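J.: Model the full assembly from the supplied sequences, consistent with the hints where possible.
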Amino acid sequence: MAESEAVKPPIRVGLFVTCLVDLLRPSVGFAAVKLLEDAGCKVIVPSQSCCGQPAFNSGDRPSTQAIARRTIDAFAGCDYVVAPSGSCAGMLAKHYPELFVDEPEMAIKATAFAAKCFELVSFLVDRLGVKRVSARYEGVAAYHDSCSGLRELGVRDQPRTLLAGVEGLRMVELAESDVCCGFGGTFAVKYGELSDAIVTRKSAKIDASGADTLIAGDLGCLLNMAGKMQREGRAVKARHVAEVLAGMGDDPAIGEPDAGAAS
Amino acid sequence: MSLAATTPHFKDNVHEALTDARLQRALPHARNFIATRAAAAARLPEFEALRDSARAIKDHTLAHLDLYLETYERKVTQSGGHVHWARDTGEALAVILDLCKARGAKSVAKGKSMVSEEIGLNAALEGAGIAAVETDLGEYIIQLRGEAPSHIIAPAIHVTRDDVEADFRRFHRELPADRDLTQPEQLLAEARAILRDKFLSADIGLTGANFLIAETGTSIIVTNEGNGDLAQTLPKVHVVLASLDKLVPTLNDAAQLLRVLARSATGQDLSVYTTLSTGPRRPGDPDGPEEYHVVLLDNGRSAMLGGQFADMLRCIRCGACMNHCPVYHAVGGHAYGWVYPGPMGAVLTPSLIGVEQGGQLPNASTFCGRCEAVCPMRIPLPNLMRHWREREFERHLTPAVVRGGIGFWAFFAKRPGLYRFATDLAMRALHLIGRSRGRFAWLPFAGGWTRYRDLAAPQGATFQARWRAKSGAVR
Ligand code: SF4
Chain B
1 MAESEAVKPP
11 IRVGLFVTCL
21 VDLLRPSVGF
31 AAVKLLEDAG
41 CKVIVPSQSC
51 CGQPAFNSGD
61 RPSTQAIARR
71 TIDAFAGCDY
81 VVAPSGSCAG
91 MLAKHYPELF
101 VDEPEMAIKA
111 TAFAAKCFEL
121 VSFLVDRLGV
131 KRVSARYEGV
141 AAYHDSCSGL
151 RELGVRDQPR
161 TLLAGVEGLR
171 MVELAESDVC
181 CGFGGTFAVK
191 YGELSDAIVT
201 RKSAKIDASG
211 ADTLIAGDLG
221 CLLNMAGKMQ
231 REGRAVKARH
241 VAEVLAGMGD
251 DPAIGEPDAG
261 AAS
Chain W
1 MSLAATTPHF
11 KDNVHEALTD
21 ARLQRALPHA
31 RNFIATRAAA
41 AARLPEFEAL
51 RDSARAIKDH
61 TLAHLDLYLE
71 TYERKVTQSG
81 GHVHWARDTG
91 EALAVILDLC
101 KARGAKSVAK
111 GKSMVSEEIG
121 LNAALEGAGI
131 AAVETDLGEY
141 IIQLRGEAPS
151 HIIAPAIHVT
161 RDDVEADFRR
171 FHRELPADRD
181 LTQPEQLLAE
191 ARAILRDKFL
201 SADIGLTGAN
211 FLIAETGTSI
221 IVTNEGNGDL
231 AQTLPKVHVV
241 LASLDKLVPT
251 LNDAAQLLRV
261 LARSATGQDL
271 SVYTTLSTGP
281 RRPGDPDGPE
291 EYHVVLLDNG
301 RSAMLGGQFA
311 DMLRCIRCGA
321 CMNHCPVYHA
331 VGGHAYGWVY
341 PGPMGAVLTP
351 SLIGVEQGGQ
361 LPNASTFCGR
371 CEAVCPMRIP
381 LPNLMRHWRE
391 REFERHLTPA
401 VVRGGIGFWA
411 FFAKRPGLYR
421 FATDLAMRAL
431 HLIGRSRGRF
441 AWLPFAGGWT
451 RYRDLAAPQG
461 ATFQARWRAK
471 SGAVR
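As you go down the protein sequences, you meet chains B and W in turn.
Read in this note's numbering, the first sequence has 252 at position 252, and its numbers run on one by one without any break.
Read in this note's numbering, the second sequence has 130 at position 130, and its numbers run on one by one without any break.
Note that these hints are calculated values from the structure, not bench results.
In this text, all values refer to a predicted model and were calculated from it rather than measured experimentally.
Check the hints yourself; a few may be wrong.
[Said to hold, decoys possible] Simulated restraints on C-beta separations:
#1 B/G210 x W/A422: 40 to 46 Å
#2 B/E103 x W/F408: 25 to 31 Å
#3 B/T161 x W/A4: 32 to 38 Å
#4 B/V101 x W/D52: 20 to 26 Å
#5 B/A259 x W/A4: 56 to 62 Å
#6 B/A259 x W/F408: 32 to 38 Å
#7 B/K131 x W/S436: 39 to 45 Å
#8 W/R415 x B/T111: 21 to 27 Å
#9 B/D178 x W/E356: 32 to 38 Å
#10 W/F47 x B/S47: 44 to 50 Å
Every residue gets a Cβ at the ideal spot worked out from N, C-alpha and C, and that includes glycine.
T.: Spelled out as structure tokens, the structure:
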């Protein structure tokens, strides 16, 4: 592709770590770094906060614009901006330009920025041509398609392709894998009962798949599904796709105690 | 007046719906349309191209709506019909009641019409001593039950077969009590027999319209039961009640829209009956009404033209958005609290009854985007819902807790240095508290989350803190 040809190796990738990974599960960030470095990228991590989605989806456009301006500036020196999340990558790649429809100069900047933003796994496969990673994971896993990645960015086959190459891992079909888990950011709290009804169904589908591990590409959805399954006493482990692909599948799964800290 | 909205109590409605065991047994039906739509779309290689073309047809029509409305009125008049313009519910009801009274009508046979729900027509007719006879099976069932439609194309989708049998036994007392009603066909036959008498005795037939065609002054309705044909050909007077966004320029345009309509709705290639009507019966016609009237309702739609919500006027009421909506699947249509449910209702309701009344609906979405992905008219439903949230935020209608929370969070989000420092401290502290279990069953300020699910404890220092420590050590 023209753009990638224009970029001189090593490709400088700015990791947009996403606020949830930054705060709750840094291991996903390190998994992303490993995958990108293994694929030959130079990874940099500019000082960052959040992509602005909570404000955007609460109707607070001024705050969202302020956050977007900062983010765009922070990543100015990068050839690409990659996030281990379809939702945040979708925000950067699809919604940032919409934020500045009334500011032509900023709109141009935001559109140029958007064009270099990608979700991690689709970036590895579609942009860098990665076909296989060297990783091992003992287990039977189901993959959940998080909504924004799937529908805004077309992330569907890429994670399945790479997961198929993980040694020891057997993938099973998850019925309704493309149906929302009920997370929806602030929705999960504002409409807790409704969100609960949706994730309860998801939890049952995961259980019915026979998998011992749930894999997805968005930490928000994973926290929601893991939290529900744990509340229901199910033993399924939830892991971010980057962790499994980076061979970090032995670390405690989401919501599990620290190794050695278990009481 | 139009139906009173319970939309402001959406959360209570949700709770009620989720705890209604009978409703929860009926709701899975709505999911059946997912596979049929997908199969229909897959069978037609040009389906995606047709969606583009359908969108273009409606966009063009809406851009020149004044022109097409004038043409349409002229054509209806030329064919011997009458067009009545109604700015709002009150005017529409007045026109229809006047038509009924002037003809001494005792009963009105109705085809399915969501616009008639929007203006609360049945109640108004009954208030004037005129019987409203619903001829669509689903509409008939909910009329018996005293309910509103819960779906725009399958009004009784919230009712199970068992419920219908019980209702028929309750209301059709004149029939033998020991009759067999175990099969859906038997229920249909019974309803048909009862309705046929009412068709024949109705003074006025009232239908909605799926499309109004400017070129010919024709109205089109699609049904699967053929009740539309009967409702409009048997009585002496046919009244078409439609909103002005139903207009399309030509028959050819309507044909294209029909190709996406049924496929998106039920997955049929075409609905079983597509009925076109143009004016009253002409000399020599074997059948048809003696009078033909069109009541064209605005009710806030013209104000949407050219604005942020104009895309919504492309809607052809196929129902695909609600058939694919996780929120609709969980609670059904009545919880939305007014006439139009699902994603299309979440956008349209605040437009038609005001965001103060309807504002809950565009907020109650995860923005999963499945509605937009299947909408044949490519209406960006999540974006439009977000626009409503922006309007609320601008007008300070957003609840203070949410506004305060977002403000607090945004303060840090705009200041990455401070954000990094504060979050790192907080995450280390939470990690210490949560690490032995790995998660929290309860946390202050996170009650909305932990009431229903556990919350994973942070791993400790934030990614950014670890990264900086690591790269600092390397350098
Ligand atoms: S919004 Fe789209 S999917 Fe929903 S009813 Fe209208 S046309 Fe159909």
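J.: Does the Cβ pair B/D178, W/E356 satisfy 32 to 38 Å?
T.: With Cβ atoms ~35 Å apart, the hint holds.
J.: Between the beta carbons of B/A259 and W/A4, is the distance compatible with 56 to 62 Å?
T.: 58 Å Cβ-Cβ, so the 56 to 62 Å window holds.
J.: Does the Cβ distance between B/G210 and W/A422 fall inside 40 to 46 Å?
T.: 43 Å, holds
J.: Taking the beta carbons of B/T161 and W/A4, is their distance inside 32 to 38 Å?
T.: With a Cβ separation near 53 Å, B/T161 and W/A4 fall outside 32 to 38 Å, so the hint is violated.
J.: Is 25 to 31 Å respected by the C-beta to C-beta distance linking B/E103 and W/F408?
T.: 26 Å, holds
J.: Within 44 to 50 Å: is that where the Cβ-Cβ distance between W/F47 and B/S47 falls?
T.: Given a distance of about 47 Å, which is inside 44 to 50 Å, the answer is holds.
J.: Could you check the hint for me, namely that B/V101 and W/D52 are 20 to 26 Å apart, CB to CB?
T.: 22 Å, holds
J.: Do B/K131 and W/S436 keep their Cβ atoms within the hinted range of 39 to 45 Å?
T.: 41 Å, holds
J.: Quick one: are W/R415 and B/T111 within 21 to 27 Å, going by C-beta?
T.: Holds, at about 26 Å.
J.: So does B/A259 sit 32 to 38 Å from W/F408, Cβ to Cβ?
T.: Given about 34 Å between the Cβ atoms, the range holds.
The structure is inconsistent with hint 3 alone, although it conforms to all the rest.
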